[in-house]
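> What follows is each chain in one-letter form.
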Amino acid sequence: MNKKILLLAATVISGILAGCASKEAAKEAPVESRSTTTTSTTTPSATGGSTTPITPATNVAVNPLKDPNNILSKRIIYFEYDQDSVNGEYQTIVQAHAKYLSENRGRKIRLEGHADERGSREYNMALGQRRGDAIRKASNLLGVANDRMETVSFGEDKPRATGSDEAAWSQNRRVEIVYDGE
Amino acid sequence: MMKIKTCLPNALLSGYFRASLSAFMSASFVLFQTINLAHAQLTVDVTTSAGRQIPIAIVEFRGEANSPQNLTPIITNNLARSGLFRMVPAIVNPLPASPSDVIFADWSSRMTEALLIGDITKLPDGRFEISYRLFDVAKQTQLASGQIVAGVTQFRATAHRISDEIYEKLTGERGVFATKVAYVLKRGQRFELQVADADGFNPQTVLASQEPIGSPKFSPDGTKLAYVTFESRKSNVVVQDLVMGSRKVVANFRGDNYAPSWSPDGRELTIALSRDAVSQIYIISADGGEPRRITASSSIDSGAAFTPDGKTIIFFSDRSGGPQLYSVPVVGGNVKRLTFEGSYNTSPRISPDGKLVAFVSREAGKLRIATLELATGIINVLTDGPRDDSPSFSPNGRTILFESKAGGRGSLGAVSVDGRIKQKLTSQNGDVREPAWGPYVRLTAN
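Heads up: the protein sequence lines correspond to chains X and H, in order. Heads up: the first sequence at position 82 corresponds to 82 in this note's numbering, and the numbers run straight through without jumps. To convert, count from 1 in the second sequence and add 1000; that's this note's numbering.
Derived from the structure by calculation, the hints contain no laboratory data. Some hints here could point you the wrong way.
Taking CB as the label site, the calculated pair distances span [as the list claims (entries may be wrong)]:
(1) G163(X) - P1329(H): 41 to 47 Å
(2) R107(X) - E1231(H): 21 to 27 Å
(3) R107(X) - D1418(H): 55 to 61 Å
(4) D1418(H) - A167(X): 39 to 45 Å
Okay, the calculated bits of chain X under chain H, using three or more residues with CB under 8 Å as the criterion [to be verified]:
(5) 95 to 109
(6) 114 to 120
When the alpha-carbon atoms are kept at most 25 Å apart in a straight line, the in silico PhoX-like pairs for lysine-lysine are as follows [unchecked claim]:
(7) K158(X) - K1366(H)
(8) K1405(H) - K1366(H)
(9) K158(X) - K1405(H)
Glycine included, C-beta positions come from ideal geometry on N, C-alpha and C.
So that you can see chain H by itself, here it is in the shape it has in the complex (with noise of 0.2 Å):
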């Protein structure tokens, strides 16, 4: 298991430092001193990941020993923890800034695919002018190239950015370096619900309670959050807008008021409700107001989601006898069954194409994640528990982000939807549980 901190301090990277990166990536455990104030809150491990590797070297940007923020060892961390990167050290003196400087044969030499160079300068304003090419060694020739201003405040989001075009132009995916996740974090009596960057930076709590907070989902745009809270000493849905930091009670009726999930346009809202009898599934306007009841069983129907193209529930009922995922039309109609095998299925989420539907499966008492093929009906589980739950897409619906309970501490997990890579995200502060992840961030204007 390797642990990448992703704090490096200015001062350590030498060409020589960034040669042990590599060799600790395969089997030791090095600690970084960090001289940075701001700490992840959430540690992330890769701790599975098979299959090939793109070998790029990143090279330590001209002029970033002398710039307040780090951008390299950012841009390093987010690819190796990707699964999907071998980083190659990049040893070359003198280290190549510019185009010109780049000799193809150095990096070829060490089977190098890709290679990213750049240049911090820093502007009359105070501002940085960061700089950046990626190559493809073998063909030697440009893959991408960028100029951002920005102000060392910023310098976070753009590593974040630089990221993700590496990884698009190389995986051929979208990345989601610059997502956010929410989590709820529980530390003794105190639950507090929080925002932080994908790769564990910047946690901002948005609601603190000594009563538990639950089920946090981003609105598509990412600008609200909803979640169920108890604060009213039994559960309610609430509406909260992260930007603007006011809330709405969305649902207080009478019972439970649980498991929200948004519609693909933002203004809806499925939640499940016991006001009229057992758990029922019903869609509320995100503004609150009356719901219409979409279920009608004596039995438990909850958990619902939206498919991407906003015309279909997928909840879980157990109508039959245990739970089980089921589909029914929004507008209303035929409750079709959608999974056969097992005793115990609940807590469908759907990927962003709409073609999988991540859930949580019970077997022999252990919980776990498991993935359906709609078209085809094929069930895959992908972690082994024994307690994992809480399932969220990434937004390029490559990962899905998960809790995960071992020996009663708390943290989260990530798999791959082909079971390839793995990732545990631990707090030092506390039990994490119930993650959500975000939506692609709209760039503002840089």
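Pulled out of the complex, with its shape left as it was, chain X reads as follows (with noise of 0.2 Å):
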């Protein structure tokens, strides 16, 4: 009964996800409307003695958070140089988790920022504050209520890349989304 009940739910939200991502003319790597099979489930071969008992997918709850197929699962926003606004290709992400925290009012999320080294320290720390803030304004205009969300800065001491290039720099430029409980 419950393996139904979630098969369903997580078609819905994927359905529902799908639709979201095609509303937009994203540039965004497409996320197709696909099942949301996780779990790869070794079909045993019908020949031989022994039956190994399958493990169906839907025994596993499929977390679309944590899903690769679903955009729920790309928590990261990255900017431009000194810069805080959201580009466009990474406003479906945001979308995408507004709509979520509107579905699901128990979660909560943190916004966390970061900038390149490029700047100094304190400044850092207030850019990343910044481009956390942008998202958690424009999750606001979306629905969300402010006390869902905390931003934090890690200013330029967490990178992502390490180097001195725009490669690198271009790497550490952004907002994480994270859920409660991660």
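Both chains are sitting in their own frames, so use the hints and assemble them into the complex.
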């Protein structure tokens, strides 16, 4: 009984999100409406004596937030140098999360802002915070109450990429969306 | 570039060896083998030294060869590291130890201006009596003298005290050899907040964490450190008592809690909080509690510091576009803009006499340390970058300690406020960043 409800819910959610993705002229890598099966099940061969019990995919609760086929698993929004505006391609991600939050009112998020190393430490803390805040404001406009979002900054102290070139810097100018419990 | 190791083996302290000290000072590179188990965490190199240097001869103290710890090499290293002294080799035979031994002609003929002699005598209780005298060679007069009783574990501190006295007598300025520095050491994914002697010795780890630590600031009396820690996966401001070892989270409000700076009376901190909106400046008791808001803008206001009279706060804000320096009275009032050159000026730190503000300026992508003279508005850029940050004044206001990243490796730098003397401080153990210079140390009973 439970399995069926979960499968139904997963399908419904993926349908809604797929709808979201197709609404925008997204330059973002397309998230197709697909089955939300994440676990790969090896279909046991019909031949062979011993019957290994099949673990159906639907037995595993599919978390859309972690599903690589789901836009909700995309948690990082990148920024231009010294900027805190959300570029078009990342707006779809923000919208997807705002939608999820409006449908899951018990969930909260942290917006973790970062900057690349090219500024002073203290201003980079503020820049990271500004970026997180930009996501917060956009989400707020999409209906997410402020008390469900906390913006924190790490400045330049937690880079994703080490190195002193644009390839590294562009990886570090970002906001990461982190859900409660993660 | 000359490298001065801060440990010299006892056995090699002959007069001839001292002669070579002068030779390597000017050009070559000599590595000393250390038999002392303690070693410096930070190695200090003087990289630039322009201007007049006072020639001083430091004679190995009588009895030093037989004492368990060295004194005169530490004094020599301190004075040489300041960039204001030139060491004159102490090659006379016999070496003078008491005033009656001194033949001034021996020293004036070597263009020496000052002479230090001394004596170390072991006492019955196992401690040592250290006596010293500083002479003005030209005037043939005594400038300073002292007698200190010290246990072996106090020899370094004693050498620093004597160095401070020599420095003060000869430059007219108070010495900082007996002070401490704090900094953050990053090794791989591990962060350590360390406090060491100003010469890099005796580092003590006061906090270790897998999450970043930053912005250490000594309280005015030097007994506490305020700093930012990300242990709880976001920034918090903590005050740690260095004597008692206890810590207290002073600010853990919603959003960011960072940029702590002490009030001159040590009772309060100014901090930057983003709890109400974007980063704004607040003042909070050093014991924690409810902060009071000082700035009220919709832009980023952060990185504040108190002036020495405690009445004004200087901070940076991007209310006019790029970040610039501003001041505001602590009790509230008009915000006054202080910098008008350049498009990116942050992180103000105020000199002990309140006249100069050190800050971080970014120009053409390079971060450099600069000073602003408050009375005149004159700005001097003191360093070259490309990534110089986190300035901190020495308690005598002469030197600015800062962090410097080059080729991905973090080290510290020091520059005199007149730009003439530059030093580089490196660690073999990892990246060093975010330094803080401690206050003058109150002498404990000897």
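> All the hints need checking, so say for each whether the structure fits it.
Checked hints:
no.	hint	in the structure
1	G163(X) - P1329(H): 41 to 47 Å	holds (44 Å)
2	R107(X) - E1231(H): 21 to 27 Å	holds (25 Å)
3	R107(X) - D1418(H): 55 to 61 Å	holds (58 Å)
4	D1418(H) - A167(X): 39 to 45 Å	holds (40 Å)
5	95 to 109	violated (count 0)
6	114 to 120	holds (count 4)
7	K158(X) - K1366(H)	holds (21 Å)
8	K1405(H) - K1366(H)	holds (11 Å)
9	K158(X) - K1405(H)	holds (16 Å)
In terms of the numbered hints stated before, the structure departs from hint 5 and from no other.
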